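Protein chains: 2
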Amino acid sequence: MTDWQEIEGGITAPKGFLATGMAAGLKPSGAPDLALIVSDTEAIAAGVFTTSQVRAACVDYCRQRLQDKASSRAILCNAGQANAATGELGLQDAIESAKLLAEALNIDSDAILLASTGVIGQRIRMDALRKAIPQLVNTLSETGGQAAAKAITTTDLVTKSIALETVIEDRPVRVGGIAKGSGMIHPNMATMLAFVTCDAAVSTALWQEMLTRAANQSFNQITVDGDTSTNDSLIALANGQSRTSAITDMNSKEAQKLQGMLTAVCQHLAKAIARDGEGATCLVEVQVSGASDDEGARRIAKTIAGSSLVKSAIFGRDPNWGRIAAAAGRAGVSFHQEDLQIKLGDFLMMENGQPLAFDRQAASNYLKQAAAGTYLKEDTVLISVCLGNGSGTGIAWGCDLSYDYVKINAEYTT
Amino acid sequence: MTDWQEIEGGITAPKGFLATGMAAGLKPSGAPDLALIVSDTEAIAAGVFTTSQVRAACVDYCRQRLQDKASSRAILCNAGQANAATGELGLQDAIESAKLLAEALNIDSDAILLASTGVIGQRIRMDALRKAIPQLVNTLSETGGQAAAKAITTTDLVTKSIALETVIEDRPVRVGGIAKGSGMIHPNMATMLAFVTCDAAVSTALWQEMLTRAANQSFNQITVDGDTSTNDSLIALANGQSRTSAITDMNSKEAQKLQGMLTAVCQHLAKAIARDGEGATCLVEVQVSGASDDEGARRIAKTIAGSSLVKSAIFGRDPNWGRIAAAAGRAGVSFHQEDLQIKLGDFLMMENGQPLAFDRQAASNYLKQAAAGTYLKEDTVLISVCLGNGSGTGIAWGCDLSYDYVKINAEYTT
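Heads up: the protein sequence lines correspond to chains A and B, in order. Note that my numbering has the first sequence beginning at 1, numbered continuously upward. Note that my numbering has the second sequence beginning at 1, numbered continuously upward.
It is possible that part of the hints are untrue.
When chains are identical, the list treats them as one kind, so a pair holds in a single copy or across two.
To be verified - The list that follows gives simulated cross-link-like pairs (lysine to any residue, SDA-like), each with its CA atoms no further than 25 Å apart: (1) K27 with L140; (2) K69 with D339; (3) K253 with Q208; (4) K69 with A205; (5) K368 with I408.
No wet-lab data here; the hints were simulated from the structure. Computed from a predicted model, the values in this text were never measured in an experiment.
Kindly produce the complete structure, drawing on both the sequences and the hints.
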């Protein structure tokens, strides 16, 4: 039982947010490539960024900005050029982009946050950006969430958008989000981006804490090919326009409700990214329980979801529990192998660290059906691993490894 | 300039070692599947084993044995059944195998070390093993190195064997080695095995230290698909039959010479395993320099060599420096991106953290030639990364990611 329901509107569902997207001529293809999200009023801003040592200019820019002032009015995102590994000139471009948008919106430039996705080593096409910004601002609307969701995509096959609503103090409180993925495993492309809007009133410190918690149970638990990108960014704005009283205590009922909704939005987007992974035919969900702590459980879940052997076995519809056991064993988390239990869907394959007899054909059929989305009406393959009696649990999401993954990532000889 | 030269004979090149291999009926295919290495006299024994929490019975057996007594007379290795995740019964099988061999060789059973490779969850076919052991012992010979090298393979396309000789105190001192790989990425198969023989006289503590050092610069620096196995074992015997005085000081000239030769043997075998990785068309060598320490350099080198994006770009002959930079950045080792320099073969692609103009077609041709082995007569793609002014250096080896990798690992639906 959840306290909230899904609603229409994506990032423009929460009160006081406008968005838009357009084709600004940044992508050679001419597809939409420039997105803008604006809050009517100053919003509390929180961010989680790539841990990579090789970072895009926008990542360094946002980190600095959020250090100086954890509030914002707008997020500008361009697709086509990642503006990563572009040095001082790339940073100057980022700064100019913020200035240009600030003038067009008639706000301070330090109220702007930036994100980029595209080819590493390429600077933003500033000439095109300069031309586009006035028009971009003119097309802002309360129904622009989808246009923004489309404009941030690169090789994504589908746009990724969601909005949830709950009730606090008899008022509707909403969280919306959009994301782009799969591009991170496109040649030279390198980005997982997600933007979240919220009309709850929440304190700065709490909002950052909530976002970090949500990221650790969603975006930080997905893996397509293990390649953390130079541009990964998750930015969340909370503008308080639901007019509810400020949430300041993490233990309050309201905070728990908001945390749950924020985490649900991030998990929905994270799963959508994994399901849309390059060449993927299905989403793989790995549930780990019985670990000594949650961190260890999450680590093992992610290691299994990221194993090339497990991923290619699932693509082959092979109920290969040995690879799941081997991946769990190498995650760097200690457990007693004699306690290990492994389930694939409803099929128990290993118990007390020893293999069980099971119907291989039926298990293979489960994989076929799950991948085809004809099992439980969802294209999700479920792997459940229990390590023992510990209270630690964790979930990770990934996808299978197909010929198309190699095709997409190999056959772009420059 | 090295102090040693390559010679014939593999693991039976060092004095006082016998070996053999035979088809004992453990593999359904009827291929050779049982190998034995024996030293005429008690040999100092050292081992490095998988760090996985899910281990084969032979790994637990050898760890215990080497703790009790760091010497050995013989190594028995079976292929076909990994005897991993087989619990108490699997351990009993291992103990019985050692007893059977000890009786046939008329030595103490605690002088036997064991290794297994094959299907996880399957116990050794003891009936076949019991029948085979007397014949196995009868076929031991001073020229049996190749037969042993063949009998430990699983999906390997080639056997992996080497022997080196140097001179200490005017006497020849030899190190020989055999290995099997690629099987670790075969469905259900899960093993990297290597056995080293040496006729130098060396102290127990020093021999283990030397082997650990050698492993850290060889087997621990290769990656085919990142899946550490349940059975990985490296075992080295030194029997002192070169009749040179005992080497006890790591700083002595003799110790340095022996360490160099041992490391060279391990690197030769490690590179052979990477080159023979499932579906691989070439060996990829990643050299990292300028790091603050060697460990960080090795970690970055291994992260680049293991990146699915880098691997598939190389398969596509795409000089994709952006992926190399991204992989270096996510290795968890801190450096200043503005110092980053990246070379592919002789092509300088990034300097001071910024992209350089280079001849893409020529660079792609380099990849084609290197992969075809027509470049410098070696099928090795060289990636060089410099992080700055630090003194830390490291090398890692991997292979490209091809359709065949997915094919081999997916199309074995059980």
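For each hint, the structure was consulted:
1. K27 with L140: within (21 Å within a copy, 68 Å between copies)
2. K69 with D339: neither (49 Å within a copy, 30 Å between copies)
3. K253 with Q208: within (18 Å within a copy, 58 Å between copies)
4. K69 with A205: Within one copy, since 12 Å is at most 25 Å while 58 Å is not.
5. K368 with I408: both (23 Å within a copy, 19 Å between copies)
In this structure, the one hint that does not hold is number 2.
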